[in-house]
Amino acid sequence: MSAMTFPNRQSLLSSILRHAVLICTGALILAPFMWMLSLSIKPPCEIFGVSFSFWPHQFYGIENYSRALTEAPLLRYMGNGVLVCAIILALQILVCAPCAYVLAKLRFAGRKLLFGIVLIGLMLPHQVLSLPLFILSYQLGLLDTYAALIFPYVVSPFGIFLFRQFFMTIPDDVVHAARLDGLSELAIVWKIMLPMALPALIAFSIFSVIGHWNDLFWPLIVVRDQSLMPPPLGIMVFRNEEAGNDYGPLMAASTLVVMPLVIAFLAAQKWFVEGMTGGAVK
Amino acid sequence: MASVAIEDIRKNYGPTSVLRGVSLLIADGEFLTLLGPSGCGKSTLLRILAGLEVQDAGSVLIDRRAVDGLRPKQRDVAMVFQSYALYPHMTVASNMALPLRMRGLSAFQRLPLVGRLLPGTARISAAIDVEVMRTATSLGIGHLLARKPGQLSGGQRQRVAVGRAMVRHPAVFLMDEPLSNLDAELRVQMRAEIKDLHRRLGGTFVYVTHDQAEAMTLSDRVALMVDGELLQVAAPQDIYADPDDRRVAEFIGSPRINMLDGMVRERGVIDVAGSTLAMELDVIAGAHLTVGIRSEAFHFVDHGGPDVLTGSVRMIEHMGSDLLVHLDLAGVDHPVIARLLAERAPYIAIGETLHVGVRPDRVLVFSRDGRRLRRDAGHGRASIAPIREIAR
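Respectively, the protein sequence lines represent chains A and B. Under our numbering, the residue at position 64 of the first sequence is numbered 64, and the numbers go up by one with no gaps. Under our numbering, the residue at position 213 of the second sequence is numbered 1213, and the numbers go up by one with no gaps.
Some clues are possibly wrong.
Reference excerpt, derived from the structure (chain A facing chain B, CB under 7 Å, subset only) [to be verified]:
1. D173
2. L180
3. P195
Here are some chain B residues pointing at chain A (derived, C-beta under 10 Å) [unchecked claim]:
4. R1075
5. F1081
6. S1083
7. M1090
8. A1093
9. R1164
10. R1168
11. A1171
12. F1300
13. G1320
14. L1323
15. L1324
16. A1342
Dumping the calculated SDA-like pairs for lysine to any residue here, alpha-carbon to alpha-carbon at most 25 Å [to be verified]:
17. K1073/B - M196/A
18. K1148/B - L1105/B
19. K191/A - L1113/B
20. K105/A - S1043/B
21. K105/A - Q127/A
22. K105/A - G116/A
23. K105/A - E1131/B
24. K191/A - L1024/B
25. K1148/B - D1129/B
26. K191/A - V155/A
27. K112/A - S38/A
28. K1073/B - S205/A
29. K1073/B - L1105/B
30. K112/A - T1016/B
31. K105/A - D1129/B
32. K191/A - V1130/B
33. K1073/B - E46/A
34. K270/A - L186/A
35. K1148/B - R1134/B
36. K1073/B - P199/A
37. K1073/B - P1015/B
38. K1148/B - S1138/B
39. K191/A - E1343/B
40. K191/A - T1016/B
None of these hints come from the bench; they were simulated from the model. Built from N, CA and C at the ideal position, the CB exists for glycine as well.
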């Protein structure tokens, strides 16, 4: 934004201040990230060297990245992450959309109570439930399987809440028209409501994928088998067993793990913001 | 094509009674309008007809078949909504084809990709496409089929909504204020098109509106609803000229009918606003009444006398062909509005005392509880008034 558009000095000053604050916070958040990128292309001697520079004197990226890819089954971890995140997301949408439709558009006794329970579910941190869920996984014989990584997340109170809020903004007449056109209630959910709630769907997908791609806590509890590990757990194991003090390859591995998310977020940014505010102001 | 019978429908929302025993017979091929102020229950009645809401008591018959337990899609009715309720993520063609696809194709045939490979799908889909094209062309939206509703104007969306209802040839068309989101000019144009559509299709139409001009111009009969009750069901000219109830007379007609307090002095004579009106009514002397006089029932006279009201001019509205003169009458707290010939305009000044004659045969008399009191037999019923005022 050019200064020409400001009518007086005061608003110019406040604009400079505003941007200064934003730049500072942005820098604080980005600094570790940039540090990671920088370390991932440095040789070990520079990482522990006394002098500081962002750009390495000796470019060591190829060595670090190839070690990251060869010394740990990083691609296997990422494959696991993709598989687990995709199944979680698909099942979440399958469960949340009909639930949200029922809560948003059907009238029945106990509707408010059920929505209240969803809100309570929304407030419970996952860690609180981890012990009962672990025991449940053990009883069901799910420990050390993909199923253990997936089943606690299938019902997402956040997804139900988000979809419900968006569905509330869709006029009842659309539902009425669909009923007159001969659609069943489930067909209304899949053919009318969900396509109309596309921004919310995309926002939810990003939340869900980021959350479960980055999740370390729950996989750490239920998975021992290296071949089942999602990326963050894999990197942690990699650090302990292989890398030792070898931060270069470790940072390269971290960069590789984070990259798909960054790309996905940038690609879907427009939808993401729209979905989060869409329900609030309509 | 089907008749519709509504038998003693009742509906409550919690403690509020929305419909209090509504009964109505709609003939096959009739255009019936449910007219009433907002919140009178007319839209609820329409949704009960469609099966979108369930009545607490009473019964709906379509084509002499009780449909009370049936889902909306099993009732063979189609509805056009005030908000159009188009599916924004589908093209116009898909919007219009959806009701046909849901009926013509099985669940397997509707599956994406796989469905196309099943026997019969291609043939039925082609027939649906032809039908959609035919309907769209008849509504003048054939060139818009590939667009999405968001790319259309209000009038075009309206046509798509009508097309989606028309395309499957329902027995009964239900329309819930379909024109109220359009601008005034387009509304008049679409009104004519809906009238024409009814003539062409010959179906039974139930049309809900709060706009009396729409009701009067479109309908074979108007059903006037107030507070969940049907007050009168009659042809447009009858509901205007011969209302059964004070609330009907007040709702229909623009400007609003003038209501004056009156008292029967003796048989055949009513005292009104310092003057007398000659009215043969079967009412005892001394009874208090309400006298309703429509603005066009007045005419100029030169001096006072029986059947003449006298007042001072408060305001003059020039309407082009006529004048609306607001008169303050002695002992009346609201002005009386008289529609008078425009050529007299130069001779009227604000504050001037004016005499206006009343045609006794155009006077509507109501009892204090709002019932219409008709003239004694032998004097004939009130003549039919011109309806151009309200059909503007």
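The hints, checked one at a time:
1. D173: This hint holds: D173/A lies near chain B, its Cβ roughly 4 Å from the closest one there, short of 7 Å.
2. L180: This hint holds: L180/A lies near chain B, its Cβ roughly 5 Å from the closest one there, short of 7 Å.
3. P195: holds, 4 Å
4. R1075: It holds, given that the least Cβ distance between R1075/B and chain A is near 8 Å, below 10 Å.
5. F1081: holds, 4 Å
6. S1083: holds, 5 Å
7. M1090: holds, 8 Å
8. A1093: violated, 14 Å
9. R1164: At 7 Å from the nearest chain A Cβ, R1164/B passes the 10 Å test, so the hint holds.
10. R1168: holds, 9 Å
11. A1171: Hint on A1171/B: violated, closest Cβ of chain A at ~13 Å, above 10 Å.
12. F1300: violated, 51 Å
13. G1320: Nearest chain A Cβ about 39 Å off; hint violated.
14. L1323: It is violated, given that the least Cβ distance between L1323/B and chain A is near 43 Å, above 10 Å.
15. L1324: violated, 38 Å
16. A1342: violated, 45 Å
17. K1073/B - M196/A: Answer holds: K1073/B to M196/A is near 22 Å, not above 25 Å.
18. K1148/B - L1105/B: holds, 23 Å
19. K191/A - L1113/B: Distance of about 15 Å is within 25 Å: holds.
20. K105/A - S1043/B: Answer holds: K105/A to S1043/B is near 18 Å, not above 25 Å.
21. K105/A - Q127/A: Judged against 25 Å, a Cα distance of about 33 Å means the pair is violated.
22. K105/A - G116/A: holds, 16 Å
23. K105/A - E1131/B: violated, 32 Å
24. K191/A - L1024/B: Roughly 37 Å separates the two Cα atoms, so the pair is violated.
25. K1148/B - D1129/B: Holds, at about 17 Å.
26. K191/A - V155/A: Given pair K191/A, V155/A holds - Cα atoms ~21 Å apart, limit 25 Å.
27. K112/A - S38/A: violated, 52 Å
28. K1073/B - S205/A: violated, 34 Å
29. K1073/B - L1105/B: holds, 15 Å
30. K112/A - T1016/B: Holds. K112/A to T1016/B sits at ~21 Å (cutoff 25 Å).
31. K105/A - D1129/B: Given pair K105/A, D1129/B is violated - Cα atoms ~32 Å apart, limit 25 Å.
32. K191/A - V1130/B: holds, 23 Å
33. K1073/B - E46/A: violated, 74 Å
34. K270/A - L186/A: Roughly 29 Å separates the two Cα atoms, so the pair is violated.
35. K1148/B - R1134/B: holds, 19 Å
36. K1073/B - P199/A: violated, 30 Å
37. K1073/B - P1015/B: violated, 30 Å
38. K1148/B - S1138/B: Holds, at roughly 19 Å.
39. K191/A - E1343/B: violated, 63 Å
40. K191/A - T1016/B: Status violated; Cα separation ~35 Å.
Consistency with the previously given hints fails for numbers 8, 11, 12, 13, 14, 15, 16, 21, 23, 24, 27, 28, 31, 33, 34, 36, 37, 39 and 40, ordered from lowest to highest.
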